[in-house]
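Using the sequences provided together with the hints, build the complete structure.
Number of protein chains: 2
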Amino acid sequence: MLDFLYHAPTKVYFGKEKHKEIGNIVKGYGYRTIMMQYGKESIKKSGLYDEVMNSLREHEITVIEMGGVEPNPKVSFVREAIKVAKENKVEMILAVGGGSVIDASKTTAVGAKTDYDIWDFSTRKRTPSDALPVGCILTLSAAGSEMSSSAVLTNTELNMKRGFNSEFNRCQFAICNPELTYTVNRYQTACGIVDIMAHTMERYFTVCEPTDLTDQIAESILKSVVAAGRVLMENPCDYEARATMMWASSLSHNDLTGCGRENTLAVHQLEHALSGEFDFIAHGAGLAVLFPAWARTVFHVNPSRFAQFARRVWDVEQEDDETTALMGIERMEAFFKEMEMPLTLREFGIDESSAERLAELCTFGKQRTVKSYIEMDFDVIKNIFKSCY
Amino acid sequence: MLDFLYHAPTKVYFGKEKHKEIGNIVKGYGYRTIMMQYGKESIKKSGLYDEVMNSLREHEITVIEMGGVEPNPKVSFVREAIKVAKENKVEMILAVGGGSVIDASKTTAVGAKTDYDIWDFSTRKRTPSDALPVGCILTLSAAGSEMSSSAVLTNTELNMKRGFNSEFNRCQFAICNPELTYTVNRYQTACGIVDIMAHTMERYFTVCEPTDLTDQIAESILKSVVAAGRVLMENPCDYEARATMMWASSLSHNDLTGCGRENTLAVHQLEHALSGEFDFIAHGAGLAVLFPAWARTVFHVNPSRFAQFARRVWDVEQEDDETTALMGIERMEAFFKEMEMPLTLREFGIDESSAERLAELCTFGKQRTVKSYIEMDFDVIKNIFKSCY
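For the protein sequence lines, the chains are L and H, in the order given.
1 is the number of the first residue of the first sequence in this note's numbering; add one for each residue after it.
1001 is the number of the first residue of the second sequence in this note's numbering; add one for each residue after it.
Just so you know, the hints here were simulated from the structure itself, not pulled from any lab data.
Any given hint could turn out to be false.
What the hints assert, rightly or not - Here are the simulated DSBU-like cross-link-like pairs (lysine-lysine), alpha carbons at most 35 Å apart as the crow flies:
(1) L/113 - H/1011
(2) H/1223 - L/11
(3) L/113 - L/382
(4) L/27 - L/74
This is the structure:
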């Protein structure tokens, strides 16, 4: 077990109807002027917008609205939001949405406390030393941003998607009502399942061992979301499955699954290149394509680890670790297929010729490698992308 | 899954040598005058005291010392500490020790911010609305107080041991170096294993279901500490086992194992009567005697739950749930024996005649019942104690 720092201070209000307490919660912290960020108009159609606004108004909270956060939130939106937040002296940012909205809110919160450009933080040129508090009402179980220390932005001018971690990126509170995710469609639900699994597996597949308690917790999350995913393909309004998925989303990425282990998020770095270049690709769908390809590239470095994954999560047992490991990867891929996820880049309409460009993006023009069991340089990464067609 | 509030904000510095950073950590928070509480002289013999004091002095922290916290910390000690804390205007309390020292520090921290007697908070006559910050350097993996919201005090005048939960009882930070527990003897190590298991099982054995993710996390903790306990009986200086035990201690009682479930801590209430009356009984040893007796009394209400425990934690499978459940309880008891724990009250030199007195203490003189699958009234509790002789 490696030394670690664990700090997941987000206060989680979990359960039915919880979002209706927002006014009281915000007032409890003493905030009077807040910025509310959200995505599309869907929260208006669903009635969530009205319920939230009513509760806030009831508690005399002044709300500056910033709707229109896009999936893969854009740095241009955040720059505008920072300007508005400063002008209006908002005291906190409330994100009503999924990971994209929360990440936009987190970066707005950092930007509102500095005069430097927020993109400098995304590229890690600068490190935050302050931020406005952020709270969220979660409407999508996937990114785990509600409890995580990470925030990802996309810069469309540079075709780049970059994330940074900071203690200032932790939400002060998260309101998690699984009922708000009943209307999430099949595709987005499946993308969420993959994303939660990926956050868990990224930490699970690193070199340091043993960390049996952390392993078992990670395996618990994986088994639970696999089961929940299967239920939700049949019945999208199953409360228990939605609740499992939502809580797993938070736990998978709040650092619990990485305690005592290395933290690289290697496949995420490949996926960020992919959906940075092709904005229409949902993060979870990109991960579903890349994870098996990455696993097949590196599993031989630690077959016993991949075999443990196969045995404990997928319940397979073959004559040796290598065969068991490969069978585990196959099961994972088959599960993604069962969840109706794409398994090749071809399904996105992307052809083999983009492998080089993606590998370049991923290595910042061959200037870095991505470490994950092996040092993945430009050629290794290009081959992973190539194997996805 | 029931609605829940999850808030475990303690910052955990986990790993080797971490306690040597104490001065820097305290200074980072801006505290200049602190109270340091500890138990016996053992931290002086081990060299820990000097290492901590040197680090604090190096960072120019003024330290008011309050040594001498006893196991089952006494309200009289805490009253004195509160007086000293107020006189010296200390800004935070640093606990160097195990659960007893941390609980003394937590209650001192609450008491330092009020003029009411601290025992009124233990009896829940009053609720805290403020507290000094508390940090700890953990030297014993057992009570989980380093991340929990609970604090337990003993009132020797009244022969009562009472705990209360509050958000103000959460440590601001916890320094967890497993190496500091190498010198914990066999008996106290075993008591710790039982306590960690009990914190997990108390939440596991409640009526609400399904909560499969929480279940699996609880089972992960149980399996991990059973394995760690066995290793430590052979080699008390096994770093990985000590680390597993320490992290499990924190996770078992920081509320993670109770998410979505009822929280009663019923067996703890019986044990508090026991070690409140017989101060020489270690909490973990009392739990080792009481847990199997309680389980045999109530398992018939939910045999499938106890059977799940038997299957997943103890790997037993019998023809039906009832038999499987009973076999699981037997395995748990056999494990406690393997850990050299007492299995009867007779082993403490206590005879059957005290059952009535203990049941009275537990029910506050027949004025309340303890809920745990069944409403345990005076007679049920008396019979549980009787079955322990």
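So, going through the hints one by one against the coordinates:
With a CA separation close to 24 Å, the supplied pair residue 113 of chain L and residue 1011 of chain H stays within the 35 Å bound. Using a Cα cut-off of 35 Å, the hinted pair residue 1223 of chain H and residue 11 of chain L holds, with the two alpha carbons roughly 28 Å apart. With a C-alpha separation of about 39 Å, the suggested pair residue 113 of chain L and residue 382 of chain L falls outside the 35 Å cut-off, and the hint is violated. A hinted pair counts as satisfied when its Cα atoms are at most 35 Å apart, and residue 27 of chain L with residue 74 of chain L qualifies at roughly 30 Å.
The earlier numbered hint that this structure contradicts is number 3, and it is the only one.
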